[in-house]
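Undergrad: Below are the chains, spelled out letter by letter.
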Amino acid sequence: MNPVTGGAFVLATVGKVMIFFTMLMLAVMLATIFERKVCGFMQDRSGPNRVGPWGLLQVIADGLKNLLKEETMPEQAVRPFFLLAPVLAIVPATILFAVIPFASPLPTQWGLVEMIVADVPIGFLYVLAIGSIGVYGVAMGGWASGSKYSLLGGLRGSAQMVSYEVALALSLVPLILLTGDVRAPEIVSMQQTFTAGPATYSTWFVFPLLVGLFFFFVSGLAETNRLPFDMPEAEAELITGYHTEYSAMKFSMFMIGEFAHVITVAALVTVFFLGGWDIPFWQGDNIRVLSDGTVIGEPTWWKTLLTLGAFGVKTSLLVLVFVWIRWTLPRFRYDQLMDLGWKFMLEAVTVYILVIAFVILGIEAVGIPAGGWYAFVLFLVNLGLAGALFFAMDRGTLIRGGAKGAKSAGGDAAGQGG
Amino acid sequence: MPGDVKVVERPRAESSYVRAAAKGMSITMRHLLSPNKKTQQYPDEKWELAPRTRGTHRMAVHEDGRAKCVACGLCPTVCPVNCIKLVPAEDENGERYAAIYEIDEFRCIFCGYCQEVCPVEAIHLGVHYENAEYSRERWVYDLERLVEQEHDVTALWDPQDPASQ
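Heads up: the sequence lines are chains A and B, in that order. FYI, the numbering for the first sequence is 1 to 418, going by our numbering. FYI, the numbering for the second sequence is 1 to 165, going by our numbering.
Calculated from the structure, these hints are not laboratory results. Be aware that one or more of the hints could be misleading.
As the list claims (entries may be wrong) - Here are the computed lysine to aspartate or glutamate pairs in the DMTMM-like style, where the Cα-Cα straight-line distance is at most 25 angstroms:
1) B/Lys23 x A/Glu165
2) B/Lys38 x A/Asp44
3) B/Lys6 x A/Glu35
4) B/Lys85 x B/Glu45
5) B/Lys23 x A/Glu35
6) B/Lys46 x A/Glu35
7) B/Lys37 x A/Asp44
8) A/Lys343 x B/Glu130
9) B/Lys6 x A/Glu186
Model, not experiment: these values are computed from the prediction.
If we strip away everything but chain A, and leave its shape as in the complex, we get (with noise of 0.2 angstroms):
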């Protein structure tokens, strides 16, 4: 069976687009209330259960009050640019998902659907381009609303988000090493199946590639403005910042977007890292469609069901590990973000980019094949390396307090660390 071409390709494009849009929206309306029901239940409350049963209708409930709620128009806000920041933050977040394969082809009677809006040849570098848009949404929203906690909540959040975008950006570097492709269906496959023969287990990237999830994890809290990294919101002293101002559904669209950014992050961990929608211990679902159009493995529609289901846990958990960590850890002080950022995760990952590079050149110098122990060699070395990392953090070697650094100009900034 052949991939849908033609006006097939079209309408299966359109119905993926609606079907993906709706499937998101409803993960981000069930993240809301997943979010405020682990979060109360780790502080051993209830969190909302009154309406509906386990309080799940409680996000549609919101819904319709914030659509009823009066919006205010703040006197200084600057009109065009105040009312188009909300869809700033939601756009970038959402379209994010065109990238992302969430099962495995579906065959229909017109050919083999691959389950990815658009299998773009530039792969993740979308991921990073797009991603850099969102925050767009927050510097402008803090500036057009004309009051100042909005415009330092959006300041700081341009210059988080800035910053931890090269983080981002160079996690993914030894990723490229170990792929030699950007495309996210060739990424899930390479997971798949890292052999040189016939696969016989699925090799996920967190082993040979431990710390560079590590990595883009923490860059990838930082993008989406989640603790310990919500400096641009930092309700505490900002009242929330960049949507200070923000009322009834434009306040709302910007939480969807987060909540959007929150679940594309969670996502792209899954592909780039957990083996996207493969399924452990099984190799009937090593199906792989190769640019020019043939196929290999057998598509059927019960496996892409299967396949978007393990797609669906993998994401949940990493969402749980998101909304995990933002009940738990406090948030950083401002200048302890920037010293994380540019003192340390840039030449972290700098330095972690050329270990496995020499690794990689070294295994191959040696010939062990693309496999198993080509995968062992790479995990030995990040556990090293993961080893030596948690021990300098633990100990606050790198990041320590700010007012001794700032007056030090200069020195090791590993070091020191500001």
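Dock chain B against the given chain A, drawing on the hints supplied.
TA: Just chain B now, kept in the frame of chain A:
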């Protein structure tokens, strides 16, 4: 950072970031898995109120439905916040009754003096607190409304310990 910020220098051997964070994470996860919930689902579950709880007033009535109040005037006199309004009257048999008897529950401090001072055990405080209203006027309970109240009246002493020892 501004120059006058006090920085506490912590010895490197004593500082712990990752371990402390991991410990915090384990605590929150433990609570997530087995939450020690104490929340009372209020409108569904209510407190067992003590028999001596002092709340919304209630007027006792005779068997024929008349209020027991004889309009002696002791309760408005003893009331420390002046929340009782009483206008006495006399019927054709020469018996006194309250023509107007109003208690402003908004002003009342629920001290219970009116119940203690009442010679005919007419006015009582009640074991009841859910008396929210949409307007201030509704907080002034007239005689009819005081009679209509159905909750338990406040016990003046603990039956097990009448001498309050």
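Undergrad: All the hints need checking, so say for each whether the structure fits it.
TA: Here is what the structure says about each hint:
no. : hint                : in the structure
1   : B/Lys23 x A/Glu165  : violated (29 angstroms)
2   : B/Lys38 x A/Asp44   : holds (7 angstroms)
3   : B/Lys6 x A/Glu35    : violated (36 angstroms)
4   : B/Lys85 x B/Glu45   : violated (36 angstroms)
5   : B/Lys23 x A/Glu35   : holds (21 angstroms)
6   : B/Lys46 x A/Glu35   : violated (28 angstroms)
7   : B/Lys37 x A/Asp44   : holds (5 angstroms)
8   : A/Lys343 x B/Glu130 : violated (59 angstroms)
9   : B/Lys6 x A/Glu186   : violated (53 angstroms)
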